[in-house]
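In case you want the letters, here they are:
Protein chains: 2
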Amino acid sequence: MYKTLQVFFNLNFKRLKTQISNKPSLYTSLSPALLHLYDVSSSIVVIIDVLRATSTIAAALHNGAKSIIPVDSVAECIKLGKQMEVITAGERDGQIAEGLTYGNSPFTFPPEFIKGKTLVLTTTNGTKLLHMALAENAKAIVTGSFPNLSSVCNYLISQKQNVILACAAWKDKVNLEDTLFAGAVINKIKENFSINCDASKMAEILYNEAKDDLYEFMKNKDASHYHRLTSYGLEKDIRYCLTIDIDNVLPIYKEGRLVAK
Amino acid sequence: MYKTLQVFFNLNFKRLKTQISNKPSLYTSLSPALLHLYDVSSSIVVIIDVLRATSTIAAALHNGAKSIIPVDSVAECIKLGKQMEVITAGERDGQIAEGLTYGNSPFTFPPEFIKGKTLVLTTTNGTKLLHMALAENAKAIVTGSFPNLSSVCNYLISQKQNVILACAAWKDKVNLEDTLFAGAVINKIKENFSINCDASKMAEILYNEAKDDLYEFMKNKDASHYHRLTSYGLEKDIRYCLTIDIDNVLPIYKEGRLVAK
Chain A
9 MYKTLQVFFN
19 LNFKRLKTQI
29 SNKPSLYTSL
39 SPALLHLYDV
49 SSSIVVIIDV
59 LRATSTIAAA
69 LHNGAKSIIP
79 VDSVAECIKL
89 GKQMEVITAG
99 ERDGQIAEGL
109 TYGNSPFTFP
119 PEFIKGKTLV
129 LTTTNGTKLL
139 HMALAENAKA
149 IVTGSFPNLS
159 SVCNYLISQK
169 QNVILACAAW
179 KDKVNLEDTL
189 FAGAVINKIK
199 ENFSINCDAS
209 KMAEILYNEA
219 KDDLYEFMKN
229 KDASHYHRLT
239 SYGLEKDIRY
249 CLTIDIDNVL
259 PIYKEGRLVA
269 K
Chain B
9 MYKTLQVFFN
19 LNFKRLKTQI
29 SNKPSLYTSL
39 SPALLHLYDV
49 SSSIVVIIDV
59 LRATSTIAAA
69 LHNGAKSIIP
79 VDSVAECIKL
89 GKQMEVITAG
99 ERDGQIAEGL
109 TYGNSPFTFP
119 PEFIKGKTLV
129 LTTTNGTKLL
139 HMALAENAKA
149 IVTGSFPNLS
159 SVCNYLISQK
169 QNVILACAAW
179 KDKVNLEDTL
189 FAGAVINKIK
199 ENFSINCDAS
209 KMAEILYNEA
219 KDDLYEFMKN
229 KDASHYHRLT
239 SYGLEKDIRY
249 CLTIDIDNVL
259 PIYKEGRLVA
269 K
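Which chain is which? The protein sequence lines are A and B, in order. Residue numbering for the first sequence follows this note's numbering, beginning at 9 and increasing consecutively. Residue numbering for the second sequence follows this note's numbering, beginning at 9 and increasing consecutively.
Read the hints as simulated data drawn from the structure, not as lab findings. Think of the CB as a built atom: it goes at the ideal place given N, C-alpha and C, for glycine as much as any other residue. Treat the hints with care, as some may be off.
[Said to hold, decoys possible] Below, a list of computed lysine-lysine pairs in the DSS-like style, where the Cα atoms sit at most 25 Å apart:
1. A/181 - B/147
2. B/147 - A/219
3. A/168 - B/229
4. B/179 - A/136
5. B/31 - A/181
6. A/179 - B/136
7. A/181 - B/136
8. B/244 - B/123
9. A/147 - A/31
10. A/229 - B/147
[What the hints assert, rightly or not] Listed next, the stretches of chain B that the computed footprint assigns to chain A, with coverage defined by at least 3 CB atoms under 8 Å from CB atoms of chain A:
11. 58-66
12. 143-152
13. 180-193
14. 224-233
15. 241-254
Generate coordinates for the entire structure from the input sequences, incorporating the hints supplied.
Laid out in structure tokens, this is it:
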């Protein structure tokens, strides 16, 4: 009897706490293959593809790009390049993809080159995820990376809406750097959200372990993407993509393009 | 030119290292929704459902149960109970499911009760995952939990086969306790395997954070399953399920049943 009463009060106390808190929810999807588990249509979705798509997007927009059109194939990128006055960029296996003009390093798009121009960028994991969020009628779609961490956090706090931090991962396999970025966001904004999500808690614990030196952490743990990019000689890119707030802009998706809000 | 050479040697050195190491691979699947990403048919699959299915399986077999038949529905459990001389057990929402005789706490199956008997246990997440591994022709299927951690580790080392640590999660959502168990296994056996898997690295980092007091860690982080089970008054079960090596047996799946190897 006592136990039944205890269970009854525990359950109702929980419900009461939720009602009082009345904060929007925050969830972390560690892979595109898990996105369907979350209520995308009632949420702002943050697309996270730290190495290197969303970092390069932040850099290009911060450096004055007019807009960025993310596409998921080299063929689509070439096609748009022929139809419009744009810069086409994208890599496959660490090399500029055949038929495109530029790679997708954040260093490729300094202000003197990209200002006022439209960039068509082909990425695989990030673009696929963005289109999934679009198909599920996300309330809004923004992109996040360490270079624009604070812009993303300030926006999420200001909107007072449910949030899904959506990691692009690598061919659906969970990766360390996207999870760390989710953890960084949670670390900064958790007081403003109700977080009943183990993936979010795991992400924050990992970020707290890593935050003193994100690059060394990725290196020490021999993260799969650290491994892949260093084998292409791209340590400099990794360091850039792990640097907080150097391109503080908010890329928001509107009518097929990412623009600075 | 120098950079091209450097990239060439880096890539080939990597390949060489892999060839020399010649260790079997180890991957962690954080959710049943990610299992298809891994090569199940060439691997031993460890089913992990810490709270409480695989812990209770270890307890019952350690206490002398003849075998355990895992089924995914209450109806199937009732049906087998009518056809065979077995004990039927399973819970829904923290209560013994209607039509079944026992719950699924590890405390329900002491030696004086379970010795020599067959248990039909209905669980949702763990059983679904086990059937997925079976459908994909896993080389072998065993179940893992903190109470039988060392048995699982010793078996995996002895087999010299590829391994997938498969977390049952909660309705496909990643959970903390199953990830922590994957991390505990990795922590003990990593020298024997080639691990190129960020999820595995994340699991081990989390385990290292938690290992001094797994219960306190789950409580402090307010893990979703900790939350759910304590609201049913099941703290004692959680503590049991987080205790290492108290039921050191290896449950292996053979012809529809889990038996102690």
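Tested hints:
Of the supplied pair hints, the one linking residue 181 of chain A and residue 147 of chain B holds, its CA atoms being roughly 22 Å apart against a limit of 25 Å. Straight-line distance between C-alpha atoms of residue 147 of chain B and residue 219 of chain A comes to about 40 Å, which puts the hinted pair past the 25 Å bound. At roughly 24 Å between alpha-carbon atoms, residue 168 of chain A and residue 229 of chain B fall within 25 Å of each other, so this suggested pair holds. Of the supplied pair hints, the one linking residue 179 of chain B and residue 136 of chain A holds, its CA atoms being roughly 24 Å apart against a limit of 25 Å.
At roughly 21 Å between alpha-carbon atoms, residue 31 of chain B and residue 181 of chain A fall within 25 Å of each other, so this suggested pair holds. Proposed proximity of residue 179 of chain A and residue 136 of chain B is supported: the alpha carbons are some 24 Å apart, at most 25 Å. Annotation: proposed proximity of residue 181 of chain A to residue 136 of chain B holds, straight-line Cα distance about 21 Å (limit 25 Å). Of the supplied pair hints, the one linking residue 244 of chain B and residue 123 of chain B holds, its CA atoms being roughly 23 Å apart against a limit of 25 Å.
Distance check on the hinted pair: residue 147 of chain A and residue 31 of chain A sit about 17 Å apart at the alpha-carbon level, within 25 Å; holds. Among the hinted pairs, residue 229 of chain A with residue 147 of chain B is inconsistent with the structure: their alpha-carbon atoms are about 29 Å apart, more than 25 Å. Only when three residues or more bring their CB closer than 8 Å to a CB of chain A does the claim for the region 58-66 of chain B stand; here the count is 0, and the claim is violated. Check on the region 143-152 of chain B: 0 of its residues sit with their Cβ under 8 Å from a Cβ of chain A, so the three-residue criterion for coverage is violated.
Chain A is given as covering the region 180-193 of chain B, and this holds because 6 residues of the stretch bring a CB closer than 8 Å to a CB of that chain, at least three being needed. Judged by the Cβ-Cβ criterion of 8 Å, the region 224-233 of chain B is covered by chain A as claimed, because 5 of its residues qualify and three suffice. For the region 241-254 of chain B, the assignment as covered by chain A is violated, since 1 residues bring a beta-carbon within under 8 Å of that chain's beta-carbons and 3 are needed.
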